[in-house]
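Engineer: Residue numbers (this note's numbering), protein chains in the order written: chain R, 1 to 315; chain P, 1001 to 1333.
Since no wrong hints were added, every one of them can be taken at face value.
Restricting the straight-line Cα-Cα distance to at most 16 Å, the calculated cross-link-like pairs of lysine to aspartate or glutamate (EDC-like) are:
no., chain 1, residue 1, chain 2, residue 2
1, P, Lys-1283, R, Asp-192
2, R, Lys-169, R, Glu-133
3, R, Lys-262, P, Glu-1251
4, P, Lys-1285, R, Asp-192
5, R, Lys-262, P, Glu-1213
6, P, Lys-1209, R, Glu-263
7, R, Lys-262, P, Asp-1225
8, R, Lys-169, R, Glu-200
9, P, Lys-1038, P, Asp-1015
10, R, Lys-262, P, Asp-1234
11, P, Lys-1320, P, Asp-1256
12, P, Lys-1038, P, Asp-1290
13, R, Lys-195, R, Glu-217
14, R, Lys-169, R, Glu-34
15, P, Lys-1214, P, Glu-1145
16, R, Lys-171, R, Glu-32
17, R, Lys-195, R, Glu-34
18, R, Lys-169, R, Glu-196
19, P, Lys-1209, P, Asp-1234
20, P, Lys-1097, P, Asp-1129
21, P, Lys-1119, P, Asp-1129
Just a few of them, taken from the derived set where beta-carbon distance is under 7 Å, the chain P residues facing chain R:
no., residue
22, Ser-1059
23, Gly-1206
24, Trp-1230
25, Leu-1272
26, Glu-1287
These aren't lab readings, by the way, just hints derived from the structure by calculation.
Note that the structure is predicted; figures quoted are calculated from it, not measured.
Think of the CB as a built atom: it goes at the ideal place given N, C-alpha and C, for glycine as much as any other residue.
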Amino acid sequence: MSLLRVQDLWVKYHTRHGVVEALSGLNLSMEEGEVLGVVGESGSGKSTLGFAIIRLLPRSAEVKGSVLLNGKNLALLPEEELRRIRGREVSMVFQDPYSSLNPVMRIGDHFVELMMEHGASKSREEALEAAGELLERLGVPRERLNDYPHQLSGGQRQRVAIGLALILKPKLVIADEITTALDALVERQIIDLVKEVKREYKTSMLFITHNMGLVAEVADRVAVLYAGKLAEMGGVREVVSNPLHPYTEALLRSVPRIGGSKEVKPIPGEPPDMRNPPPGCRFHPRCPLATEKCKLEEPSLVEKGGRLVACHLRG
Amino acid sequence: MSRATSGVEALRIEDLKVHYPLRRTLGDVLRRQQRYLKAVDGVTLSVPEGAVLALVGESGSGKTTVARAVVGLVKPTGGRVLLWGRDVATLKGKELKALRRAVQMVFQDPSVSLNPRMKVGDQVKYPLDVNSIGAPEERRAMALEALRTVGLTPPEEFYNRYPHQLSGGQRQRVAIARAVVLKPRLLIADEPISNIDVSARAQILGLLKGLREKMNLSMLYITHDLSSAWAIADSLAVMYLGKLVEYGPTEAVFNDPRHPYTKALLQAVPSLDERKPWIEIVKLKGEIPDPLNVPSGCRLHPRCPLATEKCKLEDPPAVKVGENHWVYCHLYA
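Same shape as in the complex, but just chain P (with noise of 0.2 Å):
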């Protein structure tokens, strides 16, 4: 299946797959078998340059182990993940190295993140030293510059202090400076705004908004915050269970989203306006099931009120049903 995108890919996914190995009981031993949870199970994305893609879905869709295996945090069980066109998988040494240094990461939560006894300013200038960027005494400078851009000013005043005596939203904001200071071209933004105070999010989405402006910067920013995605995201993808469910413009999939999962989703939002009519009711029975246990089929088929005997036995296919808008879903085959 192919998706034309104009231009440079960013990143792109083709048919990543990661299963976690299990630990092996007796009776695994004795039946001389290995058991695997596959968190990510066959996913195709692409980000195009300057673009901002947000992933979506409930805990345990395996959203964060896409953005851990495009970092390289996880090795992939199969499929490929290509950087500016190049499969990472195949580089090696100083290029591999350029390559990584172009992509930078922000987690959920900066008090994990963050290092609780260093200083600030030497954990944005950390990264600067591994790589050996700038000479020694220019490092330091490059560090304020970058607390500047992601508004911790005065920077000199910010550089001295530790993590604890921030507060959340400016943690997270040291956690970006840090991942900017290399002044990477792609960033993946897993979840900043998912552990931080009401107030302090917005700052940091328009402060994500602004640096993609700023720095041209491409994303991948992961999120079960739909009305974050709205704000940031030119295009969304939806997971659920390792897969992708619906996949294509933002505006087109939250006007008009297809899948009965994300349109379930979509009602779930507690909202502030009234509920759009045009929008089918849909409600899925009870929860998201035990990944280790992926149903057959469609993997919602058995809370899906819409699923027929195909769902319960065949693998859904992907299905355009627009511009760049993909479905995965027997329903629409």
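Just chain R, with the same shape it has in the complex (with noise of 0.2 Å):
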């Protein structure tokens, strides 16, 4: 059994100026211990692929279809029950650390009132020693646990968020841009460690990203969304070095590899509106392969070389 299975998942935003889809039909799944990479731009849909896993989407949001984990219909669970479940089988890891830090709480009682929470320490002390020792082996010193956010610096911050989205042992962790708002060089160590908690922990993520350079260092397979909708997946390796979808293609070739040419191909176009998705393909107006067909028919996704398409010319 798949440790996570998204069926059919649709997400609608309903907002003043109309609704957004913003998830239309995916079905994806994971195995344990597996990195999944989640790369598209701006408004393909992939943070809402997270926050709807997690169930964190605001109450303007429709859903429907199914979010398995471990068999279990966290689309179907009362609130009571998400509660137990986020963290302890289940967690996120957001762009700003910000995010999943109280200002005036020391670092220390975040992870006291997490554990106490979900039962998982018996004591203040216990919690301490536990979070001081998981903050260690993620390269924070343990005496950080005194201090409150803002004495941190923001590669220690997200480090600390880190800690907090693994000390209960989820099953499976969601990064959303975990490295965007970093500089280069703590980028690297973040993501350093994030190859060692997966070689350590074996904890399965799901890594969202805008980035398919960072995506092919730490990710085992990868989905590529586009517009709501997933155009590709399939092993990092394969779908890096030969791209099916012409979006994963032009989406490669959009960024300059230092020592290679510095010739600049961009993506033409703007992404869709998504209150109004094209119809047929949906990268057909921006992809210049597109034919007759691709203006009118939604191309289904089919399985190649072991890989997933939906693209009426690559497929």
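Take the two lone chains, each set in its own frame, and fit them into one complex as the hints suggest.
Structural biologist: Shown next, in the form of structure tokens:
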């Protein structure tokens, strides 16, 4: 049985300016111990996917479909039960570590509260001991437990946020652009940390990012999202070296590679307005290969060489 | 120290220092002292006419302050800024204005640099109004032309829109149009692609490269994104805590980085490619220190695995390691 199975997931946001379709019938699954990279531009639905799994979407969101974690459908769980599952079975790390830290609470108290709430430790001392041990393994001195979030550097705060996500040993961690706000050298430290966590804790991770290079380094498989749909999914090495979907290809080409060609090859046009996504293949207005068929018919996701791709021409 | 460059220099910065005075605490007042944040502390750089120099470094390295000093948004504490060989501090009135007009800046975040309540076309026209360029009725046509140049077509349609009606990438195009409408000769681009979406990044980078060719622009391109620097710059200057650590032709610095900091920075980039085996692996300790408390000697020494006693005490000299390739490090002295 897969650790995570997302089935026919639809998310619509009801806004003042209309209904925005963020995810349109998404299917994917993850195995235990696997890191699945989720890439796409802003508006592709990648963050919505993370929030939908852990059920932190705003009230304006209308959700359909199921999210099975170890066979349990999170989409149907009452709020009470969700509270027990968040942190313990699935947790999330955000781009801005401040969103998971309370500015007027000491670092140690974050851990104490979380662990006592979930019955993971009997006493404050026991919780602090476990937290200190974990933080040291994540590269944060134990003394930091007595500090407030603002006393830490940006990198340390993100390490603490990762610590909070790991302390209850969840099966799945959702990482949403966790290195985007960090400087290059701190980003490198966090990437190395993620790799280490993967090796040592065998935690499964849904790694959401816009950076293909980052996915290539940390993920086993990658799901490429475009306009709320899966464009392509497969082993990260295969996808990066031989992309099937024209969007994946364009995305890979749009980032200059140090040492490679200095020519810049952007994807033409803009991502679609998701209040009114284009008919047929959603990428067709920007696709250099698009045919009449692409404008009219929606391509279905088909298997090709152990990979999934949704394209009339490459499927 | 001199760096020979052939031909005219569009921009030359000599031993530039920008020190911001800090608010005095009671202790400072009693001790009759004033403390400073040394954002830029002795930087020498040159942008030859028609060339693109990328200035790279982490937050707090002082790269944006260099840009602001060049366009006159901050006053240098020391050193000189020369535009086409003329020291801006010695110029006044019309002459200074003409020189300033030839240097335009694009800022990091177009949602901040644009006026939300003004039509984008009028914002592009505004510099023409301020500088009284062309007859008032011609200015609209010039603004439309600038919008076309940056790829906002049809320009008539974009002219009447407001910033919130545009995507991030389109907003940055407007900011670039506003900079190029005055037909500048030097463009200062401060992280122009950092705050926009991935797909728009390549578009803006391509646009800047195209403008450079079309308008024969010289450019100071400031970024923390090394792959964009690779694609656009002829030479590269790496800054750390207010000082240069390495400076040289783009290929030379990327293929043969010398300074431990440059090496670490290059290796940090998440990449689709395998690691470059010929670049020695340097793991720096910790994070960039508080700029109020700059380490003595070489500013990198507390983090550098190769640091010696000398590094703790003495400022590193500039050492020539190749054609126009300089490194500020005791290891090469």
